[in-house]
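Turn these sequences into a full structure, and let the hints steer you where they fit.
Protein chains: 2
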Amino acid sequence: MPEDNIVYVGNKPTMNYVLAVTTQFGSDSKEVVIKARGKAISKAVDVAEIVRNRFNTDAKVKDIKISTEEITTEEGGSIKVSSIEITLAK
Amino acid sequence: MPEDNIVYVGNKPTMNYVLAVTTQFGSDSKEVVIKARGKAISKAVDVAEIVRNRFNTDAKVKDIKISTEEITTEEGGSIKVSSIEITLAK
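Top to bottom, those sequences are chains Z and U. So in our numbering, the last spot in the first sequence is 1004, and the numbers never skip. So in our numbering, the last spot in the second sequence is 1004, and the numbers never skip.
Do not rely on the hints blindly, as some may be mistaken.
Note that identical chains are pooled: a pair holds if it fits in a single copy or bridges any two copies.
Lysine-lysine pairs mimicking BS3-like chemistry, simulated, CA-CA at most 25 Å apart [as the list claims (entries may be wrong)]:
hint, residue 1, residue 2
1, Lys974, Lys949
2, Lys1004, Lys953
3, Lys926, Lys953
4, Lys974, Lys1004
5, Lys953, Lys976
6, Lys974, Lys944
7, Lys994, Lys949
8, Lys1004, Lys994
9, Lys944, Lys1004
These are calculated hints, taken from the structure and not from any lab test. As the structure is a prediction and not an experimental result, all values here were calculated from the model.
Okay, here's the thing in structure tokens:
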């Protein structure tokens, strides 16, 4: 299933997500997609760079996509938030 | 000069950088590169998305690069920081 290869970056420490990506690569995944929204986008780039430079040096950035997602708030309104998808492949 | 087409995203409000990019496109630039480091990376993605969806809807994301830069601190040490380069083209 492709969903297995997605790591969602959020509020936890950066190294948690680095470990999650490295674990995916360790379990025979050829590709891992790192996703994040809003302020976590910077952390997603950190995760990709740390994995690539330190842990899986054979992994390369295959693709980066940015987009805008619309999130419904609890009050029923909606806000727009940027998102990023970084695909690492080896 | 290609340097004219680069917008560096930092600590100012997002809309300042949106205006800078839109101004570049208004002065006959076919491409504008949005650059940012560290926590400003999220804002750079916001800038690209707002320009593309609201002000220059003919502009497309042509390329996105991420990398790691080494910055020398005042104490003479060095820290690594992630950076992003988003190329918008129309």
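For each hint, the structure was consulted:
no. : hint                : verdict
1   : Lys974 with Lys949  : both (16 Å within a copy, 21 Å between copies)
2   : Lys1004 with Lys953 : neither (27 Å within a copy, 27 Å between copies)
3   : Lys926 with Lys953  : both (12 Å within a copy, 15 Å between copies)
4   : Lys974 with Lys1004 : within (6 Å within a copy, 28 Å between copies)
5   : Lys953 with Lys976  : both (23 Å within a copy, 23 Å between copies)
6   : Lys974 with Lys944  : within (11 Å within a copy, 29 Å between copies)
7   : Lys994 with Lys949  : both (16 Å within a copy, 22 Å between copies)
8   : Lys1004 with Lys994 : between (33 Å within a copy, 23 Å between copies)
9   : Lys944 with Lys1004 : within (6 Å within a copy, 34 Å between copies)
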